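Novice: So you can see what is in the structure, the chains are spelled out below.
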Amino acid sequence: MMYPEADKPVSAGIRDREDIIVEAIDVEKSFGDMKVLKGVSLTVRRQEVVVIVGASGSGKTTFIRCINHLEKIQQGRILVNGHLIGYRDVKGRLIEDKERNVARQREEIGMVFQRFNLFPHKTALENIIEAPIHVRKVKPAEATAMARDLLASVGLSEKANSYPAQLSGGQQQRVAIARALAMKPALMLFDEPTSALDPETVGEVLDVMKKLAKDGMTMIVVTHEMGFAREVADRVVMMDDGKIVEEAAPDIFFTSPRSERTKSFLARILK
Amino acid sequence: MNFDWAFFWRYLLEPSAVYLHGLWLTLSLSVLCQFFGTVIGLFAALGRLSSFRSLQIIVRFYTWVMRGTPLLVQVVFIYTALAAANIFRFEDIDLGFMVLPGNVQAGILALSLNEGAYMAEIIRAGIASIDQGQVEASKSLGMRYHLFMRRIILPQAIRFIVPPLGNEFNSMLKNTTLLSVIGVPELLLATQMVTSATFKVFELYTVVALYYLSLTTLWGIAQRRIELRFGEPHLRRQTSTKPKGWQRLMRAGS
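One line per chain: the protein sequences are X and R, in this order. Here the first sequence is numbered in numbering that gives the first Met the number 0, starting from 0 and rising by one per residue. Here the second sequence is numbered in numbering that gives the first Met the number 0, starting from 0 and rising by one per residue.
The set of hints was computed from the structure by calculation and includes no laboratory data. Note that this is a predicted model, so its numbers are computed, not measured. All C-beta atoms, glycine included, are put in the ideal place defined by N, C-alpha and C. Take the hints with a grain of salt, since some may be wrong.
To spell it out: a stretch of chain X is covered by chain R in this simulated footprint if at least three of its residues, at any positions, have a beta carbon under 8 Å from a beta carbon of chain R; those stretches are [said to hold, decoys possible]:
1. 129–138
2. 149–155
Here chain X is said to cover these stretches of chain R; the calculated rule only asks that three of the stretch's residues, wherever they fall, bring their Cβ under 8 Å from a Cβ of chain X [to be verified]:
3. 54–62
4. 122–136
With the sequences and hints as input, model every part of the structure.
Specialist: Listed below in structure tokens is the structure:
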């Protein structure tokens, strides 16, 4: 088990620690000279739904992409399931981990992208069974049966043999969610899952996500859908200029935020 | 004009054994060198796209040299110049069922290396045209490099690679003629051998030109079919598999 350094006292007991699935500590990240994350710390517990909001350019998408190491970080630590992701800690320095280890950790972390990123040369069903068969080594018949169940749960049973180009945006995103769930992840990351959708298909994707939350899935969601945040989130996190400026339960977050940035952000977005 | 029609038809329709052997060599060398060239090109392209700086530099140097010097010079350099400098001499190899002459080995090496450089650029461009989101989605599912390259990226890139690959093979069919200078008895050298015995230069070069034209035309038709096969998956069935005859001919001649 990797624990944060001694100078970062952790108040939680051992039992509570096992309950933590993501622990980000003072994460810093730059693209070239531009610093996009300026010390982000966030702890997410199992079965929690955390919604990250903020203006574009606030670093929320970059942060969520760091959690499964699609982005490198320069400072700080991110632990998923108690293990550093993407790096090994060698005497306090971050050394890039082996591809094999990163891949193994990513099996536990589902991700849903703004632009769906379905495999266009494969049918909806083939998209879903690809990783279970070739990464998890599930038997094809078993994977197919599971994929059909997943397609049914996102309401797309009749689209199993359709190619992504034949599906609407909302349908593609639902297949993408099913594809991520097929790996039986312990955690799901959603990076603006409805931002690229037509307004009339946003609802069908949010409904799938709500059902997922109700079933106890641990979720970190970057979104502009305040209604979803208010209804589903256990905690809402506001990012601004590469930092977390507010972190509260939704009823508090939306009614009595403390930071000025959050107040003006909510005033703009909820008007 | 002095044109021996009877001679022309005879050589066109009833080619001699030398001629048929030349045709066989041209075809087999083309297929072999295109195959090796594509394999070399694939690895060169992956090297060029890798994050290893030294690998990138090696591949850049290789493509720079191969695309920057004439193929004819490369052929003579690899076979004749290396031997003259006592660096490497291509000896005949007995494969059991046939003897592979040294000049044929050198020819295969030269054409494959040259083709590899061009294929590297084609394959690199094909891979680069695939949206980065495909890589990210694959990684997020726990897939590793070799797996997503083989199952996700290359199958999509093939759509961009196949059309220029077809044109490369068209060039390859014609480029094999360069091996005549190191004594590989392919179609052109076979023709030269017959002309030196018969002096029917006009007739025989017309025949050999028609042979090459037939090869490239047949290939052009095959190419069309292959390209349709690798089109958009959900459009495959709807696409007409019968391009107009003139289109096929025009494409084949290019």
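Novice: Next, verify each hint and record whether it holds.
Specialist: Quick rundown of the hints versus the structure:
{"no.": "1", "hint": "129–138", "result": "holds (count 5)"}
{"no.": "2", "hint": "149–155", "result": "violated (count 0)"}
{"no.": "3", "hint": "54–62", "result": "violated (count 0)"}
{"no.": "4", "hint": "122–136", "result": "holds (count 5)"}
Violated hints, in rising order: 2, 3; the structure is consistent with all others.
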